[in-house]
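K.L.:
Going down the list, the protein sequences come from chains B, Z and F. Counting from 1, one number per residue, gives the positions in the first sequence under this note's numbering. Counting from 1, one number per residue, gives the positions in the second sequence under this note's numbering. Counting from 1, one number per residue, gives the positions in the third sequence under this note's numbering.
Worth double-checking, as some hints may not be accurate.
Selected chain F positions facing chain Z (Cβ under 7 Å, derived; list incomplete) [to be verified]: (1) 170; (2) 205; (3) 209; (4) 238; (5) 239; (6) 242.
It should be emphasised that the hints constitute simulated quantities derived from the structure, not laboratory data. Every residue, glycine too, gets a C-beta built ideally from N, C-alpha and C.
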Amino acid sequence: MRASTTPPMRAGLIRASLRRPGFAAALIHRLSGLALALFLPMHFIALGTALQGADRLESFLGLTQNGFVRTAEWGLVCALAVHMALGLRVLAIEWLRYRERTALVVSGCLATAFAVGLLFLLSGA
Amino acid sequence: MSPLLYLAQRGTAAILAVTVAVHLGTILYAVRGGLTAGEILGRTHGNLAFLAFYAVFVLAAAIHAPIGLRSILREWTGWRGRSLDLSMIAFSALLAGLGLRAALAVYWA
Amino acid sequence: MTVPVDHAVGQGVTEALRVRVRRGDAVAEYVVPRRANQTVLDVVTEIQRDQDPTLAYRFACRVGMCGSCGMTVNGRPRWTCRTRVAAVAPDGMLSLEPLRNLPVVKDLAVDMEPFFEKWRRAHGYFEPGENPPDDFATVEPDSPARQEVDAGIECINCGVCYAACDVVTWNPDYLGPAALNRAWTLVNDVRDQDRDGRLAAVAGDAGCHSCHSHMSCTEHCPKGLSPTFSIAGLKRETGKAALRRFWRRG
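Please take these sequences and the hints and turn them into a complete structure.
P.N.:
This is the structure in C-alpha cells:
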C-alpha cells in the first residue's frame, strides 16, 4: 500500500491517561489544591473585615448570598474534602507502604468527598 | 523541592488533616439553618482555643500551599528557578499575614 | 509468520486491519490482512517486509524478554511482540507511534540515550567501594531489604514506564521511574557502598520528589514492577537522611 500523508494524530496517550485511576486522582488532587490556594487569600480578607465590626462582616456575607457564590462555596467545600481524602491516600502510599493497583481507594476518596458536599447542601447552606 | 521541603509539605499535610477535619465538621455544624456574621463571631469572640486552633491552621496552610503551587507552576508553566522560589516565599508570607489577621479579627471582634 | 486464514477469525472481526503509523510529522496508512494470533509486531514486520521497506522500527527477541520492541499502540506504550491485535484492536483499527518522551530517530525507532543518561545520573549502578570483601555477602532471601530488591530487580530497561510517565513529559529533568526504581534496588543492596551519594542523586526536583503517584509506570510495566512504590521508598529514605543530617547539625 502507498503511504498517504494525513494530519498528525492526536496524542492518544493523553486521552488514555485520564482513564487511569492514579492519574485521575493526581489531577483532581492538583486542581482542587489550586482552587483552594487561590481561594484562601479571599477567605482571609473576607474574615478580616470583622476587624471593622460584626456589621461589616455581615454586610459582606450579604453580598455572597447569590446562587453563583453559594455554588462556589459548595464547590470549595467539596474541593477541601477531596483534596484531603486524596492527600491521605498519597501519605498512605508514601509513608504507610500502602500498595494499591486498583481504582477502589480513589473511588472511595471521591465518594467520601461528595458525601461531605452533600451534607453541606443538606445542612441548609 | 528538597528532602526538607518535601518533609515540610507532608508534615503540614498531616497537621492539616486534623485541622481540616475539625474545620469541615465545624462548617457542617454551623451552617445549619443559614449562617450569619453574628453567629460566627459569637463563637469565636474572646475564644483563645479557637484563636490557637486557627493560628496553627493558618501557619500549616501557609507552608503547605506554596510548596504545592511551586510544583504546579514548574510543571505546567515554564517558570522555574530563584524567581519562582522567592514568589512562593512571598505567597507564603501573604497567606500567613492575611490568615493571622483574620484569626485575630474574629477573636477581637 | 502465522499461517494466513481465509475466513474471519472471530465474531464481528473484519478481514483487514487498518494500520495508521506515525512517520515523523506525517501519518502513513496501511492495510494488513488479519491473521490468527497476530501480534502488533507481526503487523509491523509484515508492513516493512511486504509493503514498505522504508519503515523503521525495532525488535529483537520477539518473545517478551528483551524489551526492544516498545512503541505506542493505540495510545498506550507497550511491547509489540506481547500485544495481541485481537486484544487492542477489536474494531480493526490500529495506530502506532514511537515511544513518548524520547527523541525520534526515524518512524517508530527512538533514541534511548537520554533514558540511559538519566539512569547514570540516578547512580543506577553498583558501587563496590575501595575494598570489596573477598567472599560473597550473605543476604537472607526473606530479609526486608532483599524483598524490596526482589520487587524491582527484573527491570530490563525497555523504556515503557518512561514513555508512560506524565511527569517526564512535564519536567524534562525528571529522572523517571526506571532510573529511580533501579536506584531503590541499589539503596537496598547491603553490599553497595554509595548509599549517601545515590540518595543525594535521587533527591530534589529532578528526583523522587517530583513523583506525584500517577502510577502510569506501574500500570504499564510489562514485567509487572511497581516503580511508584520504589520511588515512595526513596522519598522515605531521603527524608530520613535529611532529618538525620538536620539533627546532627542542630
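K.L.:
Sort out which numbered hints this structure fails and list those numbers smallest first.
P.N.:
Going through the list in order, the structure violates no hint and respects every one.
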